[in-house]
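Engineer: Each chain, written out:
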Amino acid sequence: MMNRTVKRIIWWGVMLLALILYPWLFGIYYTNVFVTFAIFALYAVSYNLLLGFTGLFSFGHAMFFGAGAYATALALAHIEGCPLLVALLFGFLGAAVLALLLTPIVARLAHSAFAMLHLAFSMLMYTLALKLRGITGGEDGIGGFPIPPFHIPGVVSVDMTDPLNFYYFAIAVLGGSLWIAWFLTKTPFGQIIVSVRDNDKRVDYLGFRVPQTKAVIYVLACGFAGIAGSVYAMFQNLISAAALSIAHSFSPIVMTMVGGVASFFGPIWGAAIFAVIEELTTRYTERVQLVEGLILIIVVLFFPGGFMHMFWLVKAKWLGFTKGKGFGVIKEKLFAKRSEKKATEDDS
Amino acid sequence: MDATTAMYVAQGIHGLAYGMVLFLVASGLTLIFGMMGILNIAHTAFFMLSAYFCYQVVVWTGSFWLGLLIAPVATALVGVLVERFLLRRIHALGLLFELTLTIGVMFVIMEGVKVFWGTENLPLAVPPLLEGLVNIGGMEYPIYRLFIIGLSAVILGFLAFILYKTRLGMVVRAAVADADMVNALGINVPLLFMFVFGVGTWLAGLAGVAIAPILTVFPGLADQMGMDAFIVVIVGGFGSLGGALMVAIIAGFLSSYGVQFVSQLAPVLMFLFMAVVLAIKPTGFFGERE
Chain A
1 MMNRTVKRII WWGVMLLALI LYPWLFGIYY TNVFVTFAIF ALYAVSYNLL
51 LGFTGLFSFG HAMFFGAGAY ATALALAHIE GCPLLVALLF GFLGAAVLAL
101 LLTPIVARLA HSAFAMLHLA FSMLMYTLAL KLRGITGGED GIGGFPIPPF
151 HIPGVVSVDM TDPLNFYYFA IAVLGGSLWI AWFLTKTPFG QIIVSVRDND
201 KRVDYLGFRV PQTKAVIYVL ACGFAGIAGS VYAMFQNLIS AAALSIAHSF
251 SPIVMTMVGG VASFFGPIWG AAIFAVIEEL TTRYTERVQL VEGLILIIVV
301 LFFPGGFMHM FWLVKAKWLG FTKGKGFGVI KEKLFAKRSE KKATEDDS
Chain B
1 MDATTAMYVA QGIHGLAYGM VLFLVASGLT LIFGMMGILN IAHTAFFMLS
51 AYFCYQVVVW TGSFWLGLLI APVATALVGV LVERFLLRRI HALGLLFELT
101 LTIGVMFVIM EGVKVFWGTE NLPLAVPPLL EGLVNIGGME YPIYRLFIIG
151 LSAVILGFLA FILYKTRLGM VVRAAVADAD MVNALGINVP LLFMFVFGVG
201 TWLAGLAGVA IAPILTVFPG LADQMGMDAF IVVIVGGFGS LGGALMVAII
251 AGFLSSYGVQ FVSQLAPVLM FLFMAVVLAI KPTGFFGERE
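Protein sequences appear in the order of chains A and B.
Take our numbering: the last position of the first sequence gets the number 348, and nothing is skipped along the way.
Take our numbering: the last position of the second sequence gets the number 290, and nothing is skipped along the way.
Since the hints were derived computationally from the structure, they do not count as laboratory data.
It is possible that some hints are incorrect.
Residues from chain A shown here face chain B by an in silico Cβ test under 10 angstroms; the list is partial [as the list claims (entries may be wrong)]:
id : residue
1  : W24
2  : L109
3  : L117
Don't be surprised by glycine CBs; every beta carbon is placed ideally from N, CA and C.
When you get a sec, could you build the whole thing from the sequences and use the hints?
Structural biologist: See below:
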């Protein structure tokens with residue numbers, strides 16, 4: 001027991017040290033690449049809270065990312081002297097409130113109806129962002145808003161236009177959000193959402209309120225996407241309607257599938273894999289999506305559990321460990337044959 | 001006939017032509033979903049691919065008619081290959097994996113097209129026979145749009161005939177209801193799936209060729225039509241041909257009259273329509289399965 005705690009502390013210490021030293025080791029260009037990766041990691045993880053943990057499949061997650069980004073950009077552009085953390089809070093609230101408004105409709109749905117309604121709403125948001133030029137700036141978007149310093153009165157004031165300082169701020173915010181999301185999945189509530197995915201009728205019989213549970217995790221997951229969008233808007237100092245597009249809704253799906261849908265850390269790996277691919281392929285070709293598409297096809301065909309699945313298999317083979325909890329989940333829940341699945345649904 | 005009526009009728013024809021092309025794309029999509037349970041995200045990529053094939057045929061032979069014949073068949077061939085070698089292998093894993101795979105296929109087709117043909121707009125001329133306007137009852141109609149309406153109507157009739165009057169159609173409808181049972185009765189369901197997927201992509205290809213002279217051939221073609229086609233299938237109800245036809249025509253009129261009366265809001269109208277319908281009935285107008 002003691003040994004395990006010590007091991008864990010050392011592991012976290014090494015991770016933290018690596019994150020702190022990263023900008024000095026790799027220079028400012030790769031620091032910015034890392035911030036982009038971290039933003040998409042949080043975005044994909046927030047998506048997987050819905051897909052992998054609650055079993056809600058959405059086609060319109062970009063709308064919450066965009067809502068957070070636009071809320072932050074609008075706050076910074078229009079409120080004189082808006083503090084940094086307040087702008088961040090606006091990002092979170094922008095997405096969470098939008099999610100809250102949608103819950104009365106979407107919390108009762110599941111499967112493709114849920115996915116399709118999100119497609120409709122996100123396309124509605126996208127067209128609205130293009131058309132309401134007075135507020136959103138249309139295709140050009142909102143850009144050039146001031147980035148305030150990180151300011152605690154009487155204690156510290158750090159200039160956020162410096163990329164190095166912004167790196168630490170972004171990593172703290174995104175890492176913190178990831179940790180909260182991870183912690184959430186370990187709480188009793190985190191167990192309930194998983195059981196809603198596995199068998200929502202039984203959860204209902206046990207006396208838990210299924211739509212309300214779905215609504216809570218939905219609002220939280222969308223809030224996390226809003227935080228990712230908020231940091232993205234500050235990082236780019238620009239937000240345009242492209243952040244709301246359907247292609248942007250696909251990217252967390254793709255990252256989650258490539259990383260591993262049944263694991264919390266899978267989407268982070270997926271985001272990392274795509275960051276590396278983008279970095280490498282842009283040097284040789286403009287057709288990054290061609291490579292991404294091919295990788296997606298190969299992963300789905302040969303490693304349906306994604307990177308984490310592969311990781312577990314290798315671990316099991318070479319180190320003699322058991323295959324891990326996650327593998328069983330993938331196998332039972334996601335790989336089940338249609339007819340078997342239908343049968344279990346009929347039973348319940 | 002006065003000018004106002006003429007304007008209404010002209011917009012109506014535009015709307016109907018657009019709606020019929022939408023129906024061609026949507027019918028393939030809804031057929032594939034109803035039969036195989038696959039939400040084919042790559043469907044509109046096939047639609048675009050066919051327009052490029054047609055352009056290539058016209059460049060080689062100079063005949064639009066040959067393009068209309070060959071391009072959809074070539075597209076269907078690509079579709080059959082995708083079904084046989086990619087989708088069939090993961091069919092047992094369920095909807096999510098099939099859907100993700102079609103996203104991958106969409107990426108590959110949309111980017112592959114840019115590799116071969118570049119990113120600029122490629123013009124495709126309307127064949128001489130269908131150029132200009134025709135005068136019916138004191139009104140002038142563009143012939144090409146009437147041709148599109150006619151072509152789609154013929155395809156619709158043909159589809160309905162196959163589905164409801166032949167043995168093949170009966171088997172297809174039975175497989176929609178319960179594929180496992182049909183398989184147990186000794187019918188080669190995987191082959192049937194491949195055939196349906198081919199027909200679905202052929203329909204998308206036909207629509208792609210039909211719309212190409214109006215919109216020109218460019219990589220964004222799939223986005224422009226694609227979203228509308230998805231909305232038509234979703235609102236009409238997955239797997240329902242009649243629903244797709246009804247909503248496609250409503251969508252056509254919404255877009256043509258919407259531009260005329262509330263031009264600012266026209267693109268939003270369609271999504272608003274969809275959001276309202278789905279909020280009330282999540283399976284769409286005629287949809288049964290979720």
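Engineer: Tell me the hint numbers this structure goes against, listed in increasing order.
Structural biologist: 1
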